[in-house]
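Peer 1: Whole structure, please, built from the sequences with the hints as guidance.
Number of protein chains: 2
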Amino acid sequence: MSQPGPSAITRLIELMAKLPGLGPRSARRAVLTLVKRRERLLVPLAQAMADLAESVSLCSVCGNADVTDPCAICADPKRSKKAICVVQDVADLWALERAAVFAGQYHVLGGVLSPLDGVGPDDLGLPRLVARAHSEEVQEVILALGATVDGQTTAHYVAAELAEAGVRITTLAQGVPVGGELDFLDDGTILAALTARKDV
Amino acid sequence: MSQPGPSAITRLIELMAKLPGLGPRSARRAVLTLVKRRERLLVPLAQAMADLAESVSLCSVCGNADVTDPCAICADPKRSKKAICVVQDVADLWALERAAVFAGQYHVLGGVLSPLDGVGPDDLGLPRLVARAHSEEVQEVILALGATVDGQTTAHYVAAELAEAGVRITTLAQGVPVGGELDFLDDGTILAALTARKDV
Numbered sequence: 077m078s079q080p081g082p083s084a085i086t087r088l089i090e091l092m093a094k095l096p097g098l099g100p101r102s103a104r105r106a107v108l109t110l111v112k113r114r115e116r117l118l119v120p121l122a123q124a125m126a127d128l129a130e131s132v133s134l135c136s137v138c139g140n141a142d143v144t145d146p147c148a149i150c151a152d153p154k155r156s157k158k159a160i161c162v163v164q165d166v167a168d169l170w171a172l173e174r175a176a177v178f179a180g181q182y183h184v185l186g187g188v189l190s191p192l193d194g195v196g197p198d199d200l201g202l203p204r205l206v207a208r209a210h211s212e213e214v215q216e217v218i219l220a221l222g223a224t225v226d227g228q229t230t231a232h233y234v235a236a237e238l239a240e241a242g243v244r245i246t247t248l249a250q251g252v253p254v255g256g257e258l259d260f261l262d263d264g265t266i267l268a269a270l271t272a273r274k275d276v
Numbered sequence: 077m078s079q080p081g082p083s084a085i086t087r088l089i090e091l092m093a094k095l096p097g098l099g100p101r102s103a104r105r106a107v108l109t110l111v112k113r114r115e116r117l118l119v120p121l122a123q124a125m126a127d128l129a130e131s132v133s134l135c136s137v138c139g140n141a142d143v144t145d146p147c148a149i150c151a152d153p154k155r156s157k158k159a160i161c162v163v164q165d166v167a168d169l170w171a172l173e174r175a176a177v178f179a180g181q182y183h184v185l186g187g188v189l190s191p192l193d194g195v196g197p198d199d200l201g202l203p204r205l206v207a208r209a210h211s212e213e214v215q216e217v218i219l220a221l222g223a224t225v226d227g228q229t230t231a232h233y234v235a236a237e238l239a240e241a242g243v244r245i246t247t248l249a250q251g252v253p254v255g256g257e258l259d260f261l262d263d264g265t266i267l268a269a270l271t272a273r274k275d276v
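Taken in sequence, the protein lines are chains A and B.
Using the numbering used here, you'd call the opening residue of the first sequence number 77 and step up by one each time.
Using the numbering used here, you'd call the opening residue of the second sequence number 77 and step up by one each time.
Honestly, I wouldn't trust all of these hints.
Which copy is meant is left open, because identical chains are indistinguishable; a pair holds if it fits in one copy or across any two.
[Unchecked claim] Straight-line alpha carbon distances no greater than 30 Å define the calculated DSSO-like cross-link-like pairs of lysine-lysine that follow:
#, residue 1, residue 2
1, Lys94, Lys274
2, Lys154, Lys274
3, Lys154, Lys112
4, Lys112, Lys157
5, Lys112, Lys158
6, Lys274, Lys158
7, Lys94, Lys112
8, Lys158, Lys94
Since the hints were made in silico from the structure, they are not lab data.
For clarity, every value in this text was computed on a predicted model and none was experimentally measured.
Peer 2: Have a look at this one:
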């Protein structure tokens, strides 16, 4: 389905359709909104994208996306250097930061191990993580990876790589989500919650 | 839920979340994709938006969004001047152009009559449409408005306004959509299709 109209509009629709969550149809709707709200949305958005393109980069220490390198988290003297939290993606780092429950360092893998897709240990910056874990300050590495097959496989591999670093290696607890009803949980989660049951 | 991280990223997420079809969560995902694909997506997108912001405007004749005024459709000498197709929105005009079944002129209302929202005849450019319909060349006005209550109310109002213009006034046929199964149609559509039944 080709898009009629001038090339400036067509080109923007094509680019917007490449964003996750947007297809050709919703990209058309979004661009139409931009055309209608030129001063209040299109111009600021073009500027914000240009600003970001000029300033953003991935932190050479932890892999976080930021406008400084090292990133604000790595450079923050108030954050503890004792623990490194290993996450799959920058989005996971943001989720942890939103929850404001962890005040240590991060290591963003940028993916999970996937031999079929050609993603190996070097692509995930694992040698860099091992080197960081060997630093004297670091006492614990928390593997905050997804509870998927790929995530858990990667967690096992990372744990094995870190075995000689002399640090405590932990993973997130599995169980019933806060607010969750048993009736809606899958069998695997119920099994994990029951296996890891605690004394009251 | 506030967004941690540098202001350049936060600002882009806030702006992206204003687009139709994107919320805070999907805007974060989209921006993360942009950060990761800076050269191939973020930079071209910023440029495409800046280009569009600089060039696009609404056609003073028909209301279409284009980089020229009058728009390419109004200025096209090959298109018939005999019929004006009245649509609610630029998206509807694009839909008709994609179908490539109409080679006349358009009039984009930019909305439907809505006294509660303060949308009156002047906001829809109706005086302009009436003036165009009085032109000698125009023989037919096709009301291609949505089959909703608001759309049909607007269609009736527009038809009344055009009564003295001496043009044929038509609306789109209602009935079973091509490829549609009766089992999945609502009662209103079945009634409309039955009422407007034709001899084989």
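Peer 1: Which of the listed hints are broken here?
Peer 2: Numbers 1, 2 and 8 - these are the hints that the structure violates, sorted from lowest upward.
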